[in-house]
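Protein sequence lines, in the order shown, are assigned to chains A and B.
Here the first sequence stands for residues 1 to 138, numbered as in this note's numbering.
Here the second sequence stands for residues 1 to 146, numbered as in this note's numbering.
With a Cα cut of at most 27 Å, we get these calculated BS3-like pairs of lysine-lysine: (1) B:Lys-91 <-> A:Lys-102; (2) A:Lys-108 <-> B:Lys-91; (3) B:Lys-91 <-> A:Lys-124; (4) A:Lys-114 <-> A:Lys-124; (5) A:Lys-108 <-> A:Lys-56; (6) A:Lys-60 <-> A:Lys-124; (7) A:Lys-60 <-> A:Lys-102; (8) A:Lys-58 <-> A:Lys-108; (9) A:Lys-108 <-> A:Lys-124.
Hints in this document: simulated from the structure, not taken from any laboratory.
Predicted model only: the values in this text are computed from it and were never measured.
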Amino acid sequence: MSDTTAITKNEHASRTDAATRNEAGQRSDAALMPPVDVIEDSAGITLRADLPGVPKEKLKLQVEAGTLTIEGEVSIAMPEGMEATYAEVSVPRFRRVFTLSKELDTGKVSAEFKHGVLSLRIPKAEHAQPRRIDIKVS
Amino acid sequence: MYRALFARDVFAELDRMQREMQEAFDLSPSIRGLGRGGFPALNVGGTPQSVEIYAFAPGLDPAAMEVNLDRGLLTIAGERTVDLPSGENDKAAVHINERFGGHFRRVVSLADDVDPNTVSADYRDGVLHIHVKRHQSAQPRRITVQ
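The whole structure should be built from the sequences, with the hints applied where relevant.
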């Protein structure tokens, strides 16, 4: 009985620890959520995301353990000594995380990035694609 | 229109709610409507020599964009086509639709000291940067005492 309590306590402690670390991390690098379109057809999923001001080399795409992370840093050439008078884009960073489902083939993701729009294509795994089953009449 | 009736993405909905709250509490909206939340998003800055406007307008054809400066009013207009599957293609489903599509127009009134003959604009990584110089006479000058 007492053993179980100890385990639960430990688990709880480590979880809060992770939570605070996560919170602290988010506070130090706040990010904007880019607007996206997600379209699914029978062969896969197309995702488009608006990431204006992000150069290609500052865009980071990551697929890990069923989650897709899109991260980009805004880098705009500004004249020296410029003072901002009005800003709607107040944070120079975009980030968004998606959970992918099992039937998507994460090994075959293709990406294109043009004029600040990211287009991702995630095909469905071969076995998950719809198949027409022929019925034989004897 | 029907999409608005269904929850698409909790965060998108929260984002929208926050925006509406901000708009409701903004006691001094501009005569051209509520400033924030439009497309494209605008950032404005300045140096003693120039005024810099950044419009965050990704996925546009630079040739189809319209930038006008008339009597101190800068207008950025254009159209963005978002190719979503149409109704006939029943095999495709739109799960999230947050990106802006359609005609847009944003107007900014600039300070009196800008020189309308020196406007330049470039489009890079989906950001339209408009650079307007200030009049020579309006620029700070150091006066030497003799």
